[in-house]
Each structure stands twice: as C-alpha cells, then as structure tokens.
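If you read the sequences in order, they're chains G and R.
Residue 1 is where the first sequence starts when you use the working numbering, and the numbers rise one by one after that.
Residue 1 is where the second sequence starts when you use the working numbering, and the numbers rise one by one after that.
Fair warning: there could be bad hints in the mix.
[Claimed, not checked] When the alpha-carbon atoms are kept at most 27 Å apart in a straight line, the in silico DSS-like pairs for lysine-lysine are as follows:
{"hint": "1", "chain 1": "G", "residue 1": "Lys105", "chain 2": "R", "residue 2": "Lys207"}
{"hint": "2", "chain 1": "R", "residue 1": "Lys9", "chain 2": "R", "residue 2": "Lys129"}
{"hint": "3", "chain 1": "G", "residue 1": "Lys147", "chain 2": "R", "residue 2": "Lys125"}
{"hint": "4", "chain 1": "R", "residue 1": "Lys202", "chain 2": "R", "residue 2": "Lys218"}
{"hint": "5", "chain 1": "R", "residue 1": "Lys129", "chain 2": "G", "residue 2": "Lys105"}
{"hint": "6", "chain 1": "R", "residue 1": "Lys214", "chain 2": "G", "residue 2": "Lys105"}
{"hint": "7", "chain 1": "R", "residue 1": "Lys214", "chain 2": "G", "residue 2": "Lys60"}
{"hint": "8", "chain 1": "G", "residue 1": "Lys60", "chain 2": "R", "residue 2": "Lys218"}
{"hint": "9", "chain 1": "G", "residue 1": "Lys91", "chain 2": "G", "residue 2": "Lys5"}
{"hint": "10", "chain 1": "G", "residue 1": "Lys53", "chain 2": "G", "residue 2": "Lys119"}
{"hint": "11", "chain 1": "G", "residue 1": "Lys163", "chain 2": "R", "residue 2": "Lys214"}
{"hint": "12", "chain 1": "G", "residue 1": "Lys119", "chain 2": "G", "residue 2": "Lys60"}
{"hint": "13", "chain 1": "G", "residue 1": "Lys105", "chain 2": "R", "residue 2": "Lys9"}
{"hint": "14", "chain 1": "R", "residue 1": "Lys202", "chain 2": "G", "residue 2": "Lys53"}
{"hint": "15", "chain 1": "G", "residue 1": "Lys53", "chain 2": "R", "residue 2": "Lys129"}
{"hint": "16", "chain 1": "R", "residue 1": "Lys125", "chain 2": "G", "residue 2": "Lys160"}
{"hint": "17", "chain 1": "G", "residue 1": "Lys147", "chain 2": "G", "residue 2": "Lys88"}
{"hint": "18", "chain 1": "R", "residue 1": "Lys218", "chain 2": "G", "residue 2": "Lys147"}
{"hint": "19", "chain 1": "G", "residue 1": "Lys105", "chain 2": "G", "residue 2": "Lys160"}
{"hint": "20", "chain 1": "R", "residue 1": "Lys203", "chain 2": "G", "residue 2": "Lys53"}
{"hint": "21", "chain 1": "R", "residue 1": "Lys202", "chain 2": "G", "residue 2": "Lys160"}
{"hint": "22", "chain 1": "G", "residue 1": "Lys147", "chain 2": "G", "residue 2": "Lys160"}
{"hint": "23", "chain 1": "G", "residue 1": "Lys163", "chain 2": "R", "residue 2": "Lys97"}
{"hint": "24", "chain 1": "R", "residue 1": "Lys219", "chain 2": "G", "residue 2": "Lys60"}
{"hint": "25", "chain 1": "G", "residue 1": "Lys160", "chain 2": "R", "residue 2": "Lys214"}
{"hint": "26", "chain 1": "G", "residue 1": "Lys92", "chain 2": "R", "residue 2": "Lys219"}
{"hint": "27", "chain 1": "G", "residue 1": "Lys163", "chain 2": "G", "residue 2": "Lys147"}
{"hint": "28", "chain 1": "R", "residue 1": "Lys202", "chain 2": "R", "residue 2": "Lys125"}
{"hint": "29", "chain 1": "R", "residue 1": "Lys203", "chain 2": "R", "residue 2": "Lys97"}
{"hint": "30", "chain 1": "G", "residue 1": "Lys119", "chain 2": "R", "residue 2": "Lys218"}
{"hint": "31", "chain 1": "G", "residue 1": "Lys105", "chain 2": "R", "residue 2": "Lys135"}
{"hint": "32", "chain 1": "R", "residue 1": "Lys129", "chain 2": "G", "residue 2": "Lys147"}
{"hint": "33", "chain 1": "R", "residue 1": "Lys219", "chain 2": "G", "residue 2": "Lys91"}
{"hint": "34", "chain 1": "G", "residue 1": "Lys91", "chain 2": "R", "residue 2": "Lys129"}
{"hint": "35", "chain 1": "G", "residue 1": "Lys105", "chain 2": "R", "residue 2": "Lys141"}
{"hint": "36", "chain 1": "G", "residue 1": "Lys92", "chain 2": "R", "residue 2": "Lys218"}
The hints are simulated quantities; they were obtained by calculation from the structure and are not laboratory data.
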Amino acid sequence: MKNRKLLTVIIAAILCMTVSVGIAVAYFTDYESARGGAVLKLTGQTEIQEEVKDNQKIVKIENVGETDMIVRVMVYGDERYLEVPEAKNWKKGEDGAYYYSSILKPGESTDPELLANIKEHEPGDESTFDVIVVHEANRVIYDEDQKLEVPAGWDEGIVKSIKAE
Amino acid sequence: MKKRNRLSKRTTALLVAAVLLLAGGTVSGTRAALEIRSELFRAHFYLNHLQVHLIENGDDVCGGSNNLNGQTKVTGKLATSLGYDGDNKLGSVEPGKYYQEEIAAENGQDIDQFVRLTVRKYWAKTDEKGNVIMKDGKPEKAANMDPSWIHLMYDGEEGYNTSAWFENPDEATDESHTYYYNTDLDGGATSANLFDQIMIDKKIAEKARTIETKDGNKKIYTYVYKYDGATFFIEADVQAIQTHNATDAIRSQWGVENISADYDDPAHDGTGSGSLSLN
C-alpha cells in the first residue's frame, strides 16, 4: 500500500516536471544588467589665508571642500592709501570685487595671491586704518548652455567668462 | 484470516482520473513540440544561443556574459563617466552639467536578435556618514527625492533617441522605462545609442540655508544645501530575444502583450530583417 502511494506520487511529479521543462526551453533569450551612481557634494568649503608683510596684505583662498568653487574677494580700507592691482587670474569687476578667473578645484589655492598694497602716507598724515578682506565662494552650477550660473550679486560678465569644464 | 490491502473503488477512480489528467497535459505538450518540428523549427536549430552586451560609452560594462536562455545574471558597473569607482567610492557630479552617458546594446553573436533596454533611475538612502544603505544587495531607494531630477538625454535634449527606439508606455513608471529597438539587431552589430548624456537638475541646489560661525575675528557664513550628499543610481538591463516567432516569444518570456514582431528570414540562417512595433 505504502509503495503504491509512493509510486503514484513519483509518477505524478515526473509528469509535472516533464510539462514544466517543455515550457522553460521554449525561447532563446539573454540579458545583461548593470548599475552605477554618483554622489552630489553640494556644500563647498573654502578657507582664506592672510599675511601682512612689508606694507602688503597677501591673500590666498584655498578650496578645502569636495566641490568645484568660484571665488571673489572684496578689500576695504582707506582708498587714498590702499591699492589692489589686478593680476594674472585676478580681474576687478564692476562691483569693485576681485574675481578669480578659474574654477577652484578641491585642494587647489588661488595662484598667484591677491596683493593689497598700503602706500606711503602723505607727510604729516598719521591716520591709521584697517584693511578688511571679505572673501566669497560659490559652488559651481551649470546653466542650460553649459556656462557657469551667476550667483546673485556677482559680476555676470566675469563669471560667464570663467571657463567651464 | 489475512486482511487484503485493497484500495476502495473511489480512491482507484480518483487515481485513474489524476493519471489521465497529467497524461493529457503531457500529450498536449508533446503535441506542441511536434507542431514546432516544422521547417521553422529547423531554422531554430542554428540559434544555438543568443548573446547580448550592455554598452556604456563604447565599452561592455558587464565584461561579456555568455548565457544560454538568460540563466545567469551578470551585474556590471554603470556610469563610469561619472566617476563610479567600486562599490563604496562614488564620484561627484555638478548640478546642471552634462556628462557623457552613451547607452546601447551589442549583439554578441552572428545571428539576428530583437533587443529592449530597461532603464531605472532613483535616489538612494544614505546613512549619517554618507554611505549608501544597501538592502538585499541593492541600494535602498529614497522615496522623498524626485527621480525626475535625474535627466537622461539624447542629442542635447531631455529624452531618448526616438529615431531608433520606442518606449512601451505600458511598462513605464516614474523611475523605470523600457525601450524597444525598432529593428532587429544584426549579428555582431551595436545599436544606436538610446541615451548619450546625463544631467542632474540644478534645482537640487536651490534649497540651502546659511550658517554663521566665528573664527577669531573672522565671521564665516556657510551655505548648507539640503540635498548635500544625495546619491543617485542608474540601472540598465538589456535583454535580447530570438527573432523567429518573436511576438509569441516576447509575450511568453517578457510578459508583454502589446508588442508585435515582424521578421523575414528567407535564407533560414538568422540573418534576415525585421522590426518591432507597438500594437
């Protein structure tokens, strides 16, 4: 009785498997699958380094974050005695700020430094003043034309002239 | 007196009925096989197997599979142009910037095949350290971020290459789309690109707040972006199917009812010509 039941089950299983195999091999197919991604590092970080030497204030900006940045620097002081010359990679905008003309990549510093020169006082003038340096950095964002997007209040002409990568 | 071990009449009848039903199913299968054993079936004899490759920026990202009947899944690494570098080190992208991302299919054999590509895009959850949270071997999806911020593009515009591929709307969701190649893919040939660029919407950088800190006599203002560290993924599956009886094959293997195939192979050697269309 036991053997007969077992035999019945085995026959049924074989019949079922035979039917299934017939369906499984019906058509030829193949596939490949892949996955990849990237992370968005949006918050940038820059640091300013200032050094005073021989009536000169030397300003350098370093990108210590993980995103590409654009940089500008404003220098305030007594305009009679303060001179900030344009230099290679530093352009003065219509707003009076000095723009670094390249994208500052992570780990890079502005090259050359921006120099604020303090001129000799006129004879008899013993006034003093502070040289205040403000630096701003914005992360790089691209517009539809793959040009750099201009942050609010920044010189559009200079920002658009920075070579996008 | 020894008791005879016999089945009741009812049990016997049920057993016989079960055997007949199963035998009937088998006979039906056998009959189907006999019907296929026609001239068309002999043509199938040449189709010893199909092979398809997923191509990204000209390279086979899966390293080449050689699968009979799709039994083996090979997972490759996509988005190499975005700086993908291993499972945990992901490259960074800039919002709004166009990156090269050419996706295509390649026929790895010398007989024709029909192909389709399914592309999924989504944002993944990350932990406090910014590592992607994995679940069952896959990145866990972040439901609060919009997949439409991930733009797949062709020829400088949002969308796919409509001259060579068509999308099946029945298989489309917000994060997954399936595209069919208009014609059969000849043996050894590479399809036209489905996409060629990828871009992350700059809207993602709009939400930010300012934090003020002091360092000696310096004041530091920092923009902190809401979606800083967000991670996105692209998944692509390329699938190939035989050209003969392709409409039935697509229905059976891919479960798609609204795609029709037309294929003419006068030489019966798998090098004919054909097309797919949406019903």
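Evaluated hints:
1. Proposed proximity of G/Lys105 and R/Lys207 is supported: the alpha carbons are some 23 Å apart, at most 27 Å.
2. Taken as a hint, the R/Lys9 and R/Lys129 pair is broken in the structure, with Cα atoms around 72 Å apart against an allowance of 27 Å.
3. Of the pairs offered as hints, the one joining G/Lys147 and R/Lys125 is violated, with about 31 Å between alpha carbons and a cut-off of 27 Å exceeded.
4. Pair hint R/Lys202 plus R/Lys218 does not hold up; C-alpha atoms about 31 Å apart against a cutoff of 27 Å.
5. Taking the CA atoms of R/Lys129 and G/Lys105, the gap is about 23 Å. The hint holds against a cut of 27 Å.
6. For the hint pairing R/Lys214 with G/Lys105, the CA-to-CA distance comes to about 25 Å; that is within 27 Å, so the pair holds.
7. Taking the CA atoms of R/Lys214 and G/Lys60, the gap is near 19 Å; set against the 27 Å cutoff, the hint holds.
8. Proposed proximity of G/Lys60 and R/Lys218 is supported: the alpha carbons are some 15 Å apart, at most 27 Å.
9. Of the supplied pair hints, the one linking G/Lys91 and G/Lys5 is violated, its CA atoms being roughly 94 Å apart against a limit of 27 Å.
10. Between G/Lys53 and G/Lys119 the CA atoms are separated by roughly 13 Å; this keeps the pair inside 27 Å, and the hint holds.
11. Proposed proximity of G/Lys163 and R/Lys214 is contradicted: the alpha carbons are some 33 Å apart, above 27 Å.
12. At roughly 21 Å between alpha-carbon atoms, G/Lys119 and G/Lys60 fall within 27 Å of each other, so this suggested pair holds.
13. For the given pair, G/Lys105 sits about 88 Å from R/Lys9 by alpha-carbon distance, which is inconsistent with the 27 Å threshold.
14. For the suggested pair R/Lys202 and G/Lys53, the alpha carbons sit about 42 Å apart, so the restraint of at most 27 Å is broken.
15. Distance restraint check for G/Lys53 and R/Lys129: the Cα-Cα separation of roughly 42 Å exceeds the 27 Å cut-off, and the hinted pair is therefore not satisfied.
16. For the suggested pair R/Lys125 and G/Lys160, the alpha carbons sit about 35 Å apart, so the restraint of at most 27 Å is broken.
17. A threshold of 27 Å between alpha carbons decides the hint, and for G/Lys147 with G/Lys88 the separation of about 22 Å falls inside it, so the pair holds.
18. The straight-line distance between the Cα atoms of R/Lys218 and G/Lys147 is roughly 32 Å, outside the 27 Å bound, and the hint therefore fails.
19. Taking the CA atoms of G/Lys105 and G/Lys160, the gap is near 17 Å; set against the 27 Å cutoff, the hint holds.
20. The hinted pair formed by R/Lys203 and G/Lys53 fails the criterion: a straight-line CA distance of about 44 Å is larger than 27 Å.
21. Proximity of R/Lys202 to G/Lys160 is assessed by CA-CA distance (about 17 Å); at most 27 Å being required, the pair is judged to hold.
22. Among the hinted pairs, G/Lys147 with G/Lys160 is consistent with the structure: their alpha-carbon atoms are about 6 Å apart, no more than 27 Å.
23. Taken as a hint, the G/Lys163 and R/Lys97 pair is honoured in the structure, with Cα atoms around 13 Å apart against an allowance of 27 Å.
24. Among the hinted pairs, R/Lys219 with G/Lys60 is consistent with the structure: their alpha-carbon atoms are about 17 Å apart, no more than 27 Å.
25. In summary, the hint linking G/Lys160 to R/Lys214 is not supported, as the alpha carbons are separated by about 32 Å, beyond the 27 Å threshold.
26. A C-alpha spacing of about 24 Å is found between G/Lys92 and R/Lys219, which places the hinted pair at or below 27 Å, so the restraint holds.
27. Between G/Lys163 and G/Lys147, the direct Cα distance comes to roughly 8 Å. Compliance with the 27 Å bound is thereby established for this hinted pair.
28. The hinted pair formed by R/Lys202 and R/Lys125 meets the criterion: a straight-line CA distance of about 20 Å does not exceed 27 Å.
29. Distance restraint check for R/Lys203 and R/Lys97: the Cα-Cα separation of roughly 12 Å lies within the 27 Å cut-off, and the hinted pair is therefore satisfied.
30. As the CA atoms of G/Lys119 and R/Lys218 are separated by approximately 25 Å, the hinted pair is consistent with the 27 Å bound.
31. Between G/Lys105 and R/Lys135, the direct Cα distance comes to roughly 34 Å. Violation of the 27 Å bound is thereby established for this hinted pair.
32. Between R/Lys129 and G/Lys147, the direct Cα distance comes to roughly 32 Å. Violation of the 27 Å bound is thereby established for this hinted pair.
33. Proposed proximity of R/Lys219 and G/Lys91 is supported: the alpha carbons are some 25 Å apart, at most 27 Å.
34. Between G/Lys91 and R/Lys129, the direct Cα distance comes to roughly 39 Å. Violation of the 27 Å bound is thereby established for this hinted pair.
35. Of the pairs offered as hints, the one joining G/Lys105 and R/Lys141 is violated, with about 31 Å between alpha carbons and a cut-off of 27 Å exceeded.
36. As the CA atoms of G/Lys92 and R/Lys218 are separated by approximately 23 Å, the hinted pair is consistent with the 27 Å bound.
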